[in-house]
Structures are given as structure tokens and as C-alpha cells.
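Student: Quick note, the sequences are listed as chains W and C, same order.
Every letter in the first sequence is one number past the one before it in the working numbering, and letter 2, counting from 1, is 64.
Every letter in the second sequence is one number past the one before it in the working numbering, and letter 154, counting from 1, is 327.
Incorrect hints may appear among the rest.
Here are some, though not all, of the chain W residues that point toward chain C, as calculated from beta-carbon distances under 8 Å [unchecked claim]:
(1) Gly71
(2) Ile79
(3) Phe84
(4) Met152
(5) Ile153
Pairwise CB distance ranges (calculated) [to be verified]:
(6) Leu329(C) x Glu115(W): 52 to 62 Å
(7) Lys406(C) x Ala116(W): 31 to 41 Å
(8) Glu115(W) x Lys406(C): 35 to 45 Å
(9) Gly328(C) x Ser109(W): 13 to 23 Å
(10) Leu120(W) x Leu495(C): 23 to 33 Å
(11) Ser103(W) x Val223(C): 32 to 42 Å
(12) Leu120(W) x Gly328(C): 54 to 64 Å
(13) Gly328(C) x Gln129(W): 40 to 50 Å
(14) Leu78(W) x Glu253(C): 51 to 61 Å
(15) Asp317(C) x Leu78(W): 45 to 55 Å
Treat the hints as calculated values from the structure; they're not laboratory data.
Given the structure is predicted, the values throughout are model-derived calculations rather than measurements.
Heads up, the beta-carbon is just placed ideally off N, CA and C, and yes, glycines get one too.
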Amino acid sequence: MSLVTPDFGLLVWMTLIFGIVFFVLAKWGFPVITGMVDKRSDRINESIAKAREAEKALSQLSERQAQLIEQTRREQAQILKEAAEARDSMIAAAKEQARDEASKLIQQARTQIAAEKESALRDIRSEVANLSVDVAEKVLRENLSTEEAQLRLIEKMVGEVTGTTKAN
Amino acid sequence: MKGWKYILVLLLALLPVSLRAQEAEEGELDVQEYIFGHIGDAYEWHITTVNGHPVSIPLPVILYSRQSGWHCFSSKHLEEGSHEGFYLSTSEKYSGKIVERDASGAEIRPIDLSVTKNVLSLMINSLVLVLLVLLTARWYKKHDAVEEAPKGFAGLMEMMVTMVEDDIIKECVGKDYKRYSPYLLTAFFFIFVNNLMGIVPFFPGGANITGNIAVTFVLAMCTFLAVNLFGNKHYWKDIFWPEVPTWLKVPLPLMPLIEIIGMFTKPFSLMIRLFANILAGHIMILGVIAVIFLTAKLGIGLNAGLSVIAILFGVFLDILELLVAFLQAYVFTMLSAVFIGLSRQHPETEKQ
């Protein structure tokens, strides 16, 4: 039966045609396609690897950024603290100095006042002495204008002197 | 949509009426001749028959006779009977083939290299295949394929190529698949295109290419050569000194014998599988369509009813054949790849 016996002519033609088709496609057809597809898939894999790397780098970067921010914040706090301390110490020193200055001034004022007082007292005292001499002079001049008065004074004085001598 | 369906069914039902009228003029339909005429080879390509006159493409007949040397003439001379001493045999042995008579008057076959219907169809299909692949390849040359993926037709081809390459070739052949990939891809697309063209019911399709044993024989032969010419030493060791108890090998080489038979049965099964599947598909569709013509004389009602069923079945079978067309190409390629892969195993590296 011709259905299951290969026909010689068709065998020859088929071998020839399939050979040509195979040659043409294997040379200019499929390798081009598969090569390009391979290249593209390589490229895609590469891109994915790169993207992953970039992502990693980015996460590292953000980590570093966070670290940096943290560090900066700490430094900021440190600086603020130091500044506050410096301010406090400066204020304290100024206060101290002011206090010293003030006490010195007060001291000075005090001595000056004392000296003034002393001189004033001295003035007053001499004034008082003069005055009392004057007053005494006037009083004496008044009181001793009469004889009687002069006697009385003498008596009194004598009495006083004797009294004191008696007492002694 | 629903209305459209009814119109289609009505038209299908009316179809046999007109066919019946034509059939009545031509007389009885010879189913066997009808089916075998379609699935077999022919010296001319019969396209259709209009008003009793066959419309066909005459094809070149190329013969080498041991008695009279080379002959080349158009197949239309054969219709008239004998031409240059050659005629179409009606005998049991060479039915439908060109024969001549030798000195003693017995029929003998000359060496027949005619471009028959199948050969022309092979050429057309191959041209289609080469164009499809080269056009796709051209896309890659014109575009920077590393940067962009093809769309449209080139994209479809790329999808199929990568499917065959990734699913079949890389999986089954193993590490040096690149060497075999052009052959296996060519085999896949060659079978697929020829299968599909065989389903197209009119010129330039419709020839039964992959359902022809000569064609599948050459394909299976290529796989046989690919397996045995490039098989490594483990492959040959497995054939001549397989790892079985020694008494199976000496003194009677039982296992080697079985293995050697296996060398041939593998491509043989490839050949028969493709051949039988495609042939059966063609016969089924033709048989279902023949129902329309066979029931023509049973009355118009029965004929119309059976015709509708036959056409629905025909549509179903056509769709099934589309699946089979792909499946057989896939199976042939996959088994070829598996056989090639088996011939290139490295057992010690695979154990690791």
C-alpha cells in the first residue's frame, strides 16, 4: 500500500527541501532570534542585579543619613548644653565680679563716710568748743556782772573743789 | 449574535441542497477514491471541479528511465493517456504512479523525481516558513532588540521560539543545548507550519504533508543522525555494555541487542506518531464532510439534518486538528530533544 511505503521521489525532495530550510534557518534565522533573546534576558538580569545593588546602596545611604542626622542631633544637643553651661558660668562670674565690685565700692564708701564723719565730728567738736567758749564767755560776762553773782560762783566753785577734795 | 447563529445554521442546511443538485449530475461519490485522493500524492494539483471540468495546476514530471534516460514534461500530458512511453498505472502494485514498460512488456517504475502535489506543497510551506523566520530575524537586525521587545508578528514568533527553546530544548537536551537548538527549532516550526497548512482546505494548503510517511521518515532520520552522530561515550557504553547482570551481556548479548533495536525504534516511533496523527486527522475531517455527499440521495430532510451535524463535527474536528497540529510538532521536538539529551548524558556529573 502506497500510504505506508515512502515514495522515493518525495524522499529525495523532502531531504533536499528540509536540508535547505534547515541550512537557511540555522544560519540566518533562529540563531539571530535566540541570540538576541539571550542578550536581552542577560541585559534584563543585569539590570535587575544593578537595580538590587542600587537599592542596597540607597538603603545604606539612608541608613548613613539617619546616622548622620542622629549624630548631628547629638552634637547639637551637646553644643546647646555647653552653651548653656558657658552662659550660666559667665553669668555667675559676672554676678560674682559685680558683687565684689559692689562690696568694694561699699567698703570704699564706708571708709570715706567714716573719714568724713570723723572730720565732721572734729569740726563740730572744735565748733562746739569755740561755741561753748563763746557761750561761756557770754554767760560769764552776763552772770558775773553783779557782785553777788560773782561771789556765788566763787562759792560754788570753791564748794565743788572742796567737795571733790573731801570726796577724794 | 443569536440571530447570526440562526442564519448560519440555515445557510449550512441549504448548502447540501445546492451540492445535491451538482452531485446528481456527477453521479455516485466514490468515498475511498475521494479520501485517498485527498490524503495521497498526485502528479497534478486538483483544486476544484467546475461544471464537470477539473480545475488543476499541472506540475512538472521528472523521470529517469534506465531505458531512455531523462524525461521532463508537464503532468497534463498524462491525462491524455500515454506520453513518451509513460502512463499512470492502474495495476494493484503501482496504482496511480507513473510507469513504463520494459522490453518484456512488464510494468516497471522509472526513477521518479517529479514535482508532485506534495513536493510543491512542501516548497510553498517551506518558503512560508523561511519567510516567517527571516522576517522575524530581520526585525532583530533593524531594531535594537536589547533595548526593546518586538511587538506584533515578531513578538508572536519570539514567544514561540523562546517557548520551544526554554521549555523543550534547554530542559531536555541539557548543557550544550545551543548546538542542537537550530535543528530542533527548525523541526518544530517545519512540522507546525506544514500541519497548519494541511488544515487549510484549499490551495495552497490542504496537502497531506506531515501525514506522509516519506516526510516523517526524513524528519525522524534527522533526529536519528543527531542522536547517533554526536552521542558521547556513555551513550555507546549504555548500548553495548549496559549496567545489567553480566549474564544478560555474555555470552549472548541480550541487552545490547535490545538496546540496538531501541536505537531504531525511537526514531521509528517518531516517524509513525506524526504520520498517523496527521493522517488520521485528515481522514476524520474528510470522512465527516463525506457524510454530506453520501446522504444526498436519502432525501432532503435527512440530508440537511445530517449535513448540519456533519459541518458542526467538521468545525469541531478542525479545531481539534489545530490543537493536534501544535501538539504533534511539540511532541516530536520534545522527544527528539529527549533522545538527544539521553545521548549526551554525563552520569558522573549528574550524580553530584
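Student: With reference to the structure, classify each hint as holding or not holding.
Tutor: Here is how each hint holds up against the structure:
1. Gly71: With a minimum Cβ separation of about 4 Å from chain C (threshold 8 Å), the hint on Gly71(W) holds.
2. Ile79: With a minimum Cβ separation of about 5 Å from chain C (threshold 8 Å), the hint on Ile79(W) holds.
3. Phe84: For Phe84(W), the interface hint holds, since the closest Cβ of chain C sits about 5 Å away, which is under 8 Å.
4. Met152: Since chain C brings no Cβ nearer than about 68 Å to Met152(W), farther than 8 Å, the hint is violated.
5. Ile153: At 71 Å from the nearest chain C Cβ, Ile153(W) fails the 8 Å test, so the hint is violated.
6. Leu329(C) x Glu115(W): 52 to 62 Å: violated (35 Å)
7. Lys406(C) x Ala116(W): 31 to 41 Å: At roughly 48 Å between Cβ atoms, Ala116(W) and Lys406(C) fall outside 31 to 41 Å, so the hint is violated.
8. Glu115(W) x Lys406(C): 35 to 45 Å: Given a distance of about 44 Å, which is inside 35 to 45 Å, the answer is holds.
9. Gly328(C) x Ser109(W): 13 to 23 Å: holds (20 Å)
10. Leu120(W) x Leu495(C): 23 to 33 Å: With Cβ atoms ~50 Å apart, the hint is violated.
11. Ser103(W) x Val223(C): 32 to 42 Å: violated (54 Å)
12. Leu120(W) x Gly328(C): 54 to 64 Å: violated (34 Å)
13. Gly328(C) x Gln129(W): 40 to 50 Å: Once the Cβ atoms are compared, 48 Å apart, the range 40 to 50 Å for Gln129(W) and Gly328(C) holds.
14. Leu78(W) x Glu253(C): 51 to 61 Å: violated (30 Å)
15. Asp317(C) x Leu78(W): 45 to 55 Å: violated (37 Å)
The structure is inconsistent with the numbered hints 4, 5, 6, 7, 10, 11, 12, 14, 15, although it conforms to all the rest.
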